[in-house]
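Participant: Going line by line, the protein sequences match chains A and B.
Everything in the first sequence is counted per this note's numbering, starting at 1 for the first residue and increasing by one.
Everything in the second sequence is counted per this note's numbering, starting at 1001 for the first residue and increasing by one.
For the record, the hints were derived by calculation from the structure and aren't laboratory data.
Treat the hints with caution; some may be incorrect.
[Unchecked claim] Derived BS3-like pairs (lysine-lysine); straight-line CA-CA distance at most 25 Å: (1) A:Lys483 to B:Lys1089; (2) A:Lys399 to B:Lys1226; (3) A:Lys308 to B:Lys1173; (4) B:Lys1218 to A:Lys26; (5) A:Lys544 to A:Lys399; (6) B:Lys1218 to B:Lys1208; (7) B:Lys1173 to B:Lys1226; (8) A:Lys483 to A:Lys26; (9) B:Lys1221 to A:Lys399; (10) B:Lys1218 to A:Lys399; (11) B:Lys1016 to B:Lys1208; (12) A:Lys544 to B:Lys1089; (13) B:Lys1014 to A:Lys399; (14) A:Lys308 to A:Lys26; (15) A:Lys544 to B:Lys1016.
Single-letter residue listing:
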Amino acid sequence: MRKWWSLTRVLVRNARAPFASGRHKKAKALLFATLVALAFFPLILQTGVFCYRLIGSLASAHLHGLVLLIGFSIVGVAVFMFGLLNVLSVFYFAEDVDILLSMPLRPSSILSSKFAAALVYDYFIVLLFLLPLLAAYGLRMRPGIAYAPMAGLIFLALPVIPLAAASIVVMAVMRFTNLMRNRDRFGKIAGTVMLVFMLALNYLLQKNAVIPDSPERISQMLASGRFMALQGLAGYLPGMSFAVKAVLFCGKPEGWGWAFLFLCVTGTAVALFLAAGERLYFRGVQTSAGRRTRSVSDSRVSIAFMRKKRPAFAAVWMKDMTILFRDSTYFMNCIVMTFLWPFLLLLMVGRGSAAISNIFLLLPVGRFTNPVLAVSLGLGMVVTALNAIASTAISREGKQLFIMKTIPVPFGVQIVAKAAAAAFMGCVTCLLFIPVAVFMFKIPVFLLGRSLILGFLGVIFSAMNGVLLDLIFPKLNWDNAYKAVKQNLNVPVHMAMNALCAAAVYMGVSRFVSGSGHGFVILFMLAAGLNMAVFLAILGFGAKMLGRIDA
Amino acid sequence: MIRIQNIRKTYDGKVKAVDGLTLEVPDGEIVGFLGPNGAGKTTTIKLVMGVLRPDSGSITVNGLDIQSQPLQAKKIMGYVPDSPDLFLKLKGREYLNFMADMYGVTAGERRERAARLAETFELSGSMEETLQQYSHGMRQKIVLIGALLHDPEVFVLDEPLTGLDPKSAFRLKEILRDYAGRKRTVFFSTHVLDVAERLCDRVAVIHKGRLLFIGDMKDMKSKLQKDASLESLFLEMTGNA
């Protein structure tokens, strides 16, 4: 047991990176944790309020158990989907199996430790969705003192079954296919599929998020089958109905009986996972470690081997772009986000499009143009910060940063080339916003050209200040690309910084130049001036900072 | 020629990695840099390459100061780092093109040199694979090819033979000898005395950031009998090897 505990702790720690390094490590970690908590608090609160109202509405018809069933099922499906990626990461991409197999450990110990490590990360999902649901149920129904231990038990046990299911699916796929041969491609496909699923789920929930306010309305919704689709999810995850009954009857011995049954099903799921794992996992992970060899004829090499000389700036830019597109972690977190934001905006405001589409037209005549231009400039800043390319430009180099210092290319050129990669993707997002601007926000076509110019200037400003920020606080000590992007404090700081800049620009325009006919010229001069200042800072201060980093 | 003069480097202001090191690597010589683990070999090499900034002292490469004329100095140097795990998402061909671009190698030169070196190290068939798919030895070879593409005047290598198969190790030694024969400078670190003995014209021994000895192997062997500290260091190194 001690061995198992030690191994699990190491596996969990290995997958986690310190949020910050260098001096003031604890303060930076605390700041990061606070930012994350602040970012997710509105979602947790919103989910809790929604559940509270829904439980209240359905309680009058004695259908409040339905909310638990739907909630548990959604959490189960979410854990299953995230579990697919978590299992891949902990079981296959960690590349620790060879060393673990050489230790005096039973296969079941290795499997159960890895399972426990994956489970720890799934509790984050559970925290986001199940905690507000259980809290809302407790506050609304007041089921008594026995509710607290029961809710705790369900909270801890609920993700086990879906994670076991996800693990078995992944192990079977990896055992009988050679998907691991190209991990990055596999990671990109799996990540994209999961993202599409989450968006579809979001859309489905938005569409069904009508709170019934009377028994007649509930009857209508039940008759329309709106609940049925969500209820159907429960059928795929065994044991969910036991968990629901355990919570519903937690004040009676019957409730604990249901809880016992739920734990039995959970235990069976773990046993099935261990049995399947011993047959599937070790063979799958070992056969996938083989290196692919492909022979290319020497003549092809000699002819097409090398291309023409390219300027250093273009070569650094191209190298960064290639890695961003090829590495599955960077692709999912930086590139996909570039294409996703316009779509997400559509999804977010889709339901209230009529009101939002006229938002600019509601402004007084003559005071319409400048706010649109200010928003365009701010949008350029924000979308570039959201793709996290600039704020991780130096961090992504990690331990190979020394290469930047050994090549005979001025630091300024290399830094600007890195900013250019972020700016390029930011400009792509701006271009993708055009249809949204025209069709959803009814922005007149005559404004588009000026909006785009300001948007691009905002993009360039954000790209350059992001790289500068990363030069000052680079996170170079990582062993997994995920840690360079997802556990990098620079990303939320850069987002907050540019959101503040965007807000300041908008407020400045509203206050001082809302009715001016020279709004574009003023904003252009402002953005160009800011860009020039940051550009000069990169060439001087930025290059000096890069020189000071001990690589 | 590499000229290192009274160089010092500390980490976090506490740990002395290099402590008043003075060393000269003349043209036409292969100089091996010996020392046990943690002696300061890699730090010295990184100082030579301009990756780290010294606390004091100076380094010149063919008369160019690495601190005040970094670009000119780096242009004439080739560097093989101690870890070949670089740009793992790039294909072999892409990596070599990137390195060639960085050093301004023309299309004709890069085509001829890359094809020849790839054939020498038997990597011609793996140019369309990403470096992630390479074994450790293959990565070591591609990094070597990348460092040789611009035909550097000064070649600096940090533990270059680690991971190479005997055939490739032999070919690398031939290349190093050829470089020295063309009056170029070769400076490489190793903790394997046998390699140093067979390949180097001179060896420099460093321990705890200080230079203990510089000379040829014959001198070293004769001095070993007189100098107790060098003898204990030698025993430590041979014990590690």
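Participant: All the hints need checking, so say for each whether the structure fits it.
Facilitator: Structure-based check of each hint:
{"no.": "1", "hint": "A:Lys483 to B:Lys1089", "in the structure": "17 Å, holds"}
{"no.": "2", "hint": "A:Lys399 to B:Lys1226", "in the structure": "42 Å, violated"}
{"no.": "3", "hint": "A:Lys308 to B:Lys1173", "in the structure": "30 Å, violated"}
{"no.": "4", "hint": "B:Lys1218 to A:Lys26", "in the structure": "54 Å, violated"}
{"no.": "5", "hint": "A:Lys544 to A:Lys399", "in the structure": "19 Å, holds"}
{"no.": "6", "hint": "B:Lys1218 to B:Lys1208", "in the structure": "24 Å, holds"}
{"no.": "7", "hint": "B:Lys1173 to B:Lys1226", "in the structure": "31 Å, violated"}
{"no.": "8", "hint": "A:Lys483 to A:Lys26", "in the structure": "17 Å, holds"}
{"no.": "9", "hint": "B:Lys1221 to A:Lys399", "in the structure": "38 Å, violated"}
{"no.": "10", "hint": "B:Lys1218 to A:Lys399", "in the structure": "39 Å, violated"}
{"no.": "11", "hint": "B:Lys1016 to B:Lys1208", "in the structure": "8 Å, holds"}
{"no.": "12", "hint": "A:Lys544 to B:Lys1089", "in the structure": "28 Å, violated"}
{"no.": "13", "hint": "B:Lys1014 to A:Lys399", "in the structure": "22 Å, holds"}
{"no.": "14", "hint": "A:Lys308 to A:Lys26", "in the structure": "49 Å, violated"}
{"no.": "15", "hint": "A:Lys544 to B:Lys1016", "in the structure": "24 Å, holds"}
Taken one by one, the earlier hints fail for this structure at numbers 2, 3, 4, 7, 9, 10, 12 and 14, listed in ascending order.
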